[in-house]
Amino acid sequence: MARQNKQEINAGSMADIAFLLLIFFLVTTTMDTDSGLARQLPPMPEEQQQKEENKIKERNLLIVLINKQDRLLVNGEQMLVNNLREKTKEFITNPGNAENLPEKKYEVVKVKNPEFYPGSDLPKKVPHKLFEQRYPDGYPVSKGVISLQNDRGTSYKRYIEVQNELVAAYNEARNELSMRMFQKPYDELSNEADVDAIRAAIPQRISEAEPKNIGE
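Numbering (my numbering), first residue to last: 25 to 240.
To be clear, the hints were calculated from the coordinates, so they are not data collected in a lab.
Keep in mind that a hint or two might mislead.
[Unchecked claim] Below, simulated SDA-like cross-link-like pairs (lysine to any residue); rule was C-alpha separation at most 25 angstroms, straight line:
hint	residue 1	residue 2
1	Lys-128	Lys-236
2	Lys-148	Asp-161
3	Lys-134	Pro-209
4	Lys-167	Gly-100
5	Lys-236	Lys-148
[What the hints assert, rightly or not] Between beta-carbon pairs, the in silico distance windows are:
hint	residue 1	residue 2	range
6	Arg-204	Gly-177	34 to 44 angstroms
7	Met-203	Tyr-130	19 to 29 angstroms
8	Leu-104	Lys-81	24 to 34 angstroms
9	Arg-176	Asn-121	21 to 31 angstroms
10	Ser-214	Glu-82	52 to 62 angstroms
None of the values given here were measured: they were computed from a predicted structure.
Think of the CB as a built atom: it goes at the ideal place given N, C-alpha and C, for glycine as much as any other residue.
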C-alpha cells in the first residue's frame, strides 16, 4: 500500500506574510500628536533657570505666573490676561527709559553676510546698513527677559492665552520699529536682512520653566 505524502507548510512564505502585515499596519495606522504653538521653546531645567535669573537684575526680569485657578500674577501682582500684552510691550520697549523697567545696551545691529561662504575669511554677520546709518552708536537693545511659569493645575487654554499675549507684545513692538525703519509692518517685510535686523533689535527672550505647584 503506497504511503500518502504529507504536504509541508512553507515557513518562509508565512514569514513574508507576517512582514507584509506589519508594514500594512505601520502605513495605515495614524498616531495622535499634540498640537501647540508654532513657537515652541524647550523648558529650562529649574536649577539652571534659578541661576540664570539670579544673574539678572530685578528691573530686567518680568515674572509671569499662572496658578492652578488660572489666575495671572505679573511680578507678584494680579492681572487680567487682557492687560498682559500692553504690560509686556512696555517692559520690552521701555519708551521713557524708566528706572523700574529694563536697561538697554547699545549694540550694532548685525545680519547675515550674503557674501559669506564656509571656509572663507569673511565675517558671518555684517552691520545692517540702514540701522548703522541711523544709529551710528548702536541701537538700544533691551536687556529684558520674561520668565513664564505655570502651575501643574493650569488649564491648557489659559496657558495658550498667556503665550499668545506675550508673543503678540513682541510682534507689536517689532511692527512699530519696522514701520519707523522700513515703512512696512514687520510681518510684511520681504527682505531677509531687514527681518533679521528687526529680530536683532528686539530679541524675543521668553524663558519657560517646568510646571510646578505655585499655589492658590
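Starting from the hint list further up, note which numbers the structure goes against and sort them upward. Checked against the structure, the hints that fail are numbers 1, 5, 9, 10, while the rest are satisfied.
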